[in-house]
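Position chain B relative to chain A; hints supplied.
Protein chains: 2
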Amino acid sequence: MMVEILAVGTELLMGQISNTNAQYISARLPEVGVGVYYHSVVGDNPDRLKASFKLALERADVVITTGGLGPTKDDLTKETIASELGLEMALDKPSYDSLIEHFSKSNRPMTQNNVKQAYLPEGSTVLTNRNGTAPGCLVETNGKVVIMLPGPPSEMKPMFSEWVIPYFMKKNGYLLVSKFIRIFGIGESAMEEMIMDIIDNQTNPTIAPYAKEGEVTLRVTAMCKSNEEGLKLLEPTVNEIMKRLGSAVYSTDNEELHEVAARLLIEQNKTIAFAESCTGGLAAAKFASIPGVSACLDRGYVTYSNRAKMEELGVSEETLRTHGAVSSQTALEMAEGARKAAGTDIAVSVTGIAGPDGGTEDKPVGTVFIAISDKNGSEFKQIKLRGNREKIRNVSTLHIYDIIRRKIM
Amino acid sequence: MMVEILAVGTELLMGQISNTNAQYISARLPEVGVGVYYHSVVGDNPDRLKASFKLALERADVVITTGGLGPTKDDLTKETIASELGLEMALDKPSYDSLIEHFSKSNRPMTQNNVKQAYLPEGSTVLTNRNGTAPGCLVETNGKVVIMLPGPPSEMKPMFSEWVIPYFMKKNGYLLVSKFIRIFGIGESAMEEMIMDIIDNQTNPTIAPYAKEGEVTLRVTAMCKSNEEGLKLLEPTVNEIMKRLGSAVYSTDNEELHEVAARLLIEQNKTIAFAESCTGGLAAAKFASIPGVSACLDRGYVTYSNRAKMEELGVSEETLRTHGAVSSQTALEMAEGARKAAGTDIAVSVTGIAGPDGGTEDKPVGTVFIAISDKNGSEFKQIKLRGNREKIRNVSTLHIYDIIRRKIM
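If you read the sequences in order, they're chains A and B. Quick note: the first sequence, position 79, residue 79 per our numbering, numbers continuous. Quick note: the second sequence, position 264, residue 264 per our numbering, numbers continuous.
One chain only, chain A, in its complex shape:
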């Protein structure tokens, strides 16, 4: 089954945003055995949209569009596609009611142009939007499938998971069952060498490695008739890989590193405090994105200035003067001070040079110290990261979660 992803939006052609929706959808469709053959992007122009859609429908079995479902005049996707397929637009009462409810709840008047969001091509399956006002829809027509999703990723992704993945699961006669082995602390090529023979001999399950910022994931996928059969097929391969990679494997359930750290803390009934300098609150914020994390997350300190490090965490002026704010000594005093001030079981700290400025020959941009403290003492880790400010900050938080995981594992 060949899929084309057609993104609609002049903002893409103006380069204001990158087509991350196409990336997301392309990365997820292989889970259900579906391959993407084309991406295309067209602006908010009915003629070019029509021509692009026509072409997509000719060369692919499934066309997934993103964008152009909103209330404005520029939002033309549904209307243009319906006209090309010879379908009328019809008011979907449940979508209309939920629009009314949305505006009354948010105490804003619903302007007339909003109503058009509740009009969908006749006979289509409505894909409800829990995170915005524009519903998506799915049309089956002459053996082809057209799926229209909203443009904002915060709306598109949940809708994709809730509707599109299950749709293909049902449509295909077979299942693909995957395990995601998530690895931190070994690079992609080193990891590949450690399991090269397993990858080379793959048939069913298949193994696909992919690298994300600072970490590597192996997707191990079995083609099967039932979930049970799939899990049985996966087991020997997954176990062999885990044996070889050891403690670098932090999850086989597609949990993220911060989720693993939080789960372990909650399971062991331990509380934690964060003390952050260069990451500026990022480590605490990502932790706090986990629902229910209040069971372990007590508080965090963003001690950006030296004064804040001294006042909030009791880092000594002497340490800052002698060793600098970016040093193992400061990291250790930050973690110890945070644990004491917060009264938590564990505290972690991070201080580093995220750049672009501030690097020296001794401590170049990317120098980061992480420390962890519990009732048995404290320890630190120095890491050297490469990349821009954003990457250094992001990968630093991964190291923080990894040090928590290894501490309480």
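Misleading hints may appear alongside valid ones.
Where chains are identical, the list cannot tell them apart; a pair therefore holds if satisfied intra-copy or between any two copies.
Here are the simulated DSS-like cross-link-like pairs (lysine-lysine), alpha carbons at most 25 Å apart as the crow flies [as the list claims (entries may be wrong)]: (1) Lys73 <-> Lys212; (2) Lys170 <-> Lys157; (3) Lys116 <-> Lys384; (4) Lys105 <-> Lys225; (5) Lys73 <-> Lys243; (6) Lys212 <-> Lys391; (7) Lys157 <-> Lys391; (8) Lys93 <-> Lys116; (9) Lys340 <-> Lys116.
Note that these hints are calculated values from the structure, not bench results.
Relative to the frame of chain A, chain B by itself:
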């Protein structure tokens, strides 16, 4: 002149990377008065690449390809396009010499497959690659232009600046100049109704609205002969829009809301502290992503637990018991307490219910209180947000930056 950007690479269709090259090229071409009408992505497959290129050449005047210029068997762009254009491949001696030099400098043997990088379609202009081994090329054919650029952004971007921008500057007589009016606090459809007549009467400049999570941007673009003339053409339209939308406009220079807030703080030499509950450090972390922000950002408190709110910020137990952690009273005490504890000019606080659990009839998920405190007193704002936990947290931080901006504007 219509441009199509054709990216070649299976890694894009697998979702391993996002097509940021298309974004970069699309954002830069308007500088030289060239509009992008289509993006397309195709895998490393000669038949589909050939068909996609043929289509691009039919519907566009200029085809810019990225990727597929390297030494491996999968790198097929030049060969496939040359064959479609009826051109032979010819060895480019300077490119060959520079390959030899590259390998001898890096002390690596040059394997035979590398030589193919020095073969280019006959009659093409060679675009030298200062950051990699594969040169690009430019072919003018039957009134159309084909430009082939390498895939790695670190090679593509400098080549684009050095060769492609000057090429179009010379070719064109006119420029496109844009202003981006960024708006917070008015929804997309309400905003559109406020300026509907301006949008309807657009010719030059043209106006295009688009919505991002929680905010709206208007792009106003003039076609002109010079940058000065463009700015003069834009001025009356931009001024009229700004007059109508008032203080909801936070930037006409494409700055983001947190950047505007930080810039204003730094310009006025004011320091700030954040006190966050539901956002868990996100507001401080995004602020800290700005290089040089230490000039205004002193510290932040992530007071997730009630105990943290009391101990770090001096929120009274009475307030928490009577009004709850999510209340205007708690938000105000958090902001006041943070300003006092940190000794900063300004402190902002946020407390809310990000969900998915924790909502009540009185305070449903999405109820958020934001407060700001300075030497003249404190004030709060209650907002009602919709969406998932991530969206509620993200949009809350935008409201925090907006309250800072409005306070010191």
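Against the structure, the hints come out as follows:
Taking the shortest Cα distances, Lys73 and Lys212 sit within 25 Å of each other only across copies (17 Å), while inside one copy they are farther apart (38 Å). In this assembly of identical chains, the alpha carbons of Lys170 and Lys157 lie at most 25 Å apart only when taken from the same copy (19 Å versus 43 Å across copies). Taking CA atoms no more than 25 Å apart as the test, Lys116 paired with Lys384 passes between copies only; the shortest distance there is 24 Å, against 53 Å inside one copy. In this assembly of identical chains, Lys105 and Lys225 lie within 25 Å of each other by CA distance neither inside one copy nor across copies; the values are 45 Å within and 49 Å between.
Within a single copy, Lys73 and Lys243 get their C-alpha atoms only as close as 57 Å, which misses the 25 Å cut-off; across copies the closest is 23 Å, which meets it. Taking the closest pair of Cα atoms, Lys212 and Lys391 come within 25 Å of each other both inside a single copy (11 Å) and across two copies (23 Å). Taking the shortest Cα distances, Lys157 and Lys391 sit within 25 Å of each other both inside one copy (23 Å) and across copies (12 Å). Taking the shortest Cα distances, Lys93 and Lys116 sit within 25 Å of each other inside one copy (12 Å), while across copies they are farther apart (61 Å).
In the homo-oligomer, the alpha carbons of Lys340 and Lys116 never lie at most 25 Å apart, since the shortest distance is 57 Å inside one protomer and 50 Å across protomers.
The structure is inconsistent with the numbered hints 4 and 9, although it conforms to all the rest.
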